[in-house]
Amino acid sequence: DAGITQSPRHKVTETGTPVTLRCHQTENHRYMYWYRQDPGHGLRLIHYSYGVKDTDKGEVSDGYSVSRSKTEDFLLTLESATSSQTSVYFCAISESRRAESYEQYFGPGTRLTVT
Amino acid sequence: GDSVTQMEGPVTLSEEAFLTINCTYTATGYPSLFWYVQYPGEGLQLLLKATKADDKGSNKGFEATYRKETTSFHLEKGSVQVSDSAVYFCALSGDYRGSQGNLIFGKGTKLSVKP
Numbered sequence: 001d002a003g004i005t006q007s008p009r010h011k012v013t014e015t016g017t018p019v020t021l022r023c024h025q026t027e028n029h030r031y032m033y034w035y036r037q038d039p040g041h042g043l044r045l046i047h048y049s050y051g052v053k054d055t056d057k058g059e060v061s062d063g064y065s066v067s068r069s070k071t072e073d074f075l076l077t078l079e080s081a082t083s084s085q086t087s088v089y090f091c092a093i094s095e096s097r098r099a100e101s102y103e104q105y106f107g108p109g110t111r112l113t114v115t
Numbered sequence: 001g002d003s004v005t006q007m008e009g010p011v012t013l014s015e016e017a018f019l020t021i022n023c024t025y026t027a028t029g030y031p032s033l034f035w036y037v038q039y040p041g042e043g044l045q046l047l048l049k050a051t052k053a054d055d056k057g058s059n060k061g062f063e064a065t066y067r068k069e070t071t072s073f074h075l076e077k078g079s080v081q082v083s084d085s086a087v088y089f090c091a092l093s094g095d096y097r098g099s100q101g102n103l104i105f106g107k108g109t110k111l112s113v114k115p
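Protein chains in written order, with my numbering: chain A, 1 to 115; chain B, 1 to 115.
Please note that a few of the clues may not be correct.
Interface residues of chain A toward chain B, partial, derived using beta-carbon atoms under 8 Å [stated by the list, open to error]:
(1) L45
(2) G51
(3) Y64
Below, simulated DSSO-like cross-link-like pairs (lysine-lysine); rule was C-alpha separation at most 27 Å, straight line [said to hold, decoys possible]:
(4) B:K77 / A:K11
(5) B:K114 / B:K60
(6) B:K60 / B:K107
(7) B:K114 / B:K77
(8) B:K110 / A:K11
(9) A:K57 / A:K70
(10) B:K77 / B:K110
(11) A:K57 / B:K107
Ranges of calculated distance between the beta carbons of each label pair, as one might list FRET restraints [to be verified]:
(12) B:S83 / A:V52: 18 to 26 Å
(13) B:S3 / A:K57: 13 to 21 Å
(14) A:S69 / B:E15: 23 to 31 Å
(15) B:F18 / A:T113: 36 to 44 Å
(16) B:G29 / A:K57: 19 to 27 Å
Think of the hints as simulated: they come from the structure by calculation, not from any bench. Beta carbons: idealized from backbone N, C-alpha and C, even for Gly.
Could you put together the complete structure from these sequences and hints?
What follows is the structure, given as structure tokens:
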């Protein structure tokens, strides 16, 4: 198994509070991704990173920010959580983005409930 | 934009039955295609992939062939087991600048296999 951990694994928070989710990898992979998984939507990309301090937006980035100050850590922040952000959040990593060698490895997920 | 459509579930089969999960895609150029599997309470795992037309991906008895003429990548297994019960996701990665490496997922198909 790829060395990816996510913390916390479960969190309940109130509307309007800030929340930070952490993804930590031990594989030294360059690329990291944050997805959310919702019933009827599959997984949707929130943000991704292609190196330390280099990030870009995905399909559903509104209301989220990210930071990557070290290769191994990728943080996802909800500045002011809303009920629509209740979801399961997955982190993923990849060594390459070239098709012939491409694979994303996923973490175990964080279940976030915003009340 | 690029998109993936897969058959809606849930799919319920008896052990040793034949499995087909349909997946079609819309994409610019020549995307790479993937099947991921998610077991209960876990993150996603890559099951198989194909990076060019007519490629066949295979793993653990599952197969899928990249059909450009029908823009399809259907997942098949000749004899399912109870342990195959999971949610299966079809995904693509675009081949144009800026899209490479970002996965676009279908909504997922839940498979339940009964003894």
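To see whether the hints hold, each was checked on the structure:
no., hint, in the structure
1, L45, "6 Å, holds"
2, G51, "13 Å, violated"
3, Y64, "16 Å, violated"
4, B:K77 / A:K11, "38 Å, violated"
5, B:K114 / B:K60, "19 Å, holds"
6, B:K60 / B:K107, "22 Å, holds"
7, B:K114 / B:K77, "15 Å, holds"
8, B:K110 / A:K11, "26 Å, holds"
9, A:K57 / A:K70, "19 Å, holds"
10, B:K77 / B:K110, "15 Å, holds"
11, A:K57 / B:K107, "21 Å, holds"
12, B:S83 / A:V52: 18 to 26 Å, "40 Å, violated"
13, B:S3 / A:K57: 13 to 21 Å, "18 Å, holds"
14, A:S69 / B:E15: 23 to 31 Å, "50 Å, violated"
15, B:F18 / A:T113: 36 to 44 Å, "39 Å, holds"
16, B:G29 / A:K57: 19 to 27 Å, "22 Å, holds"
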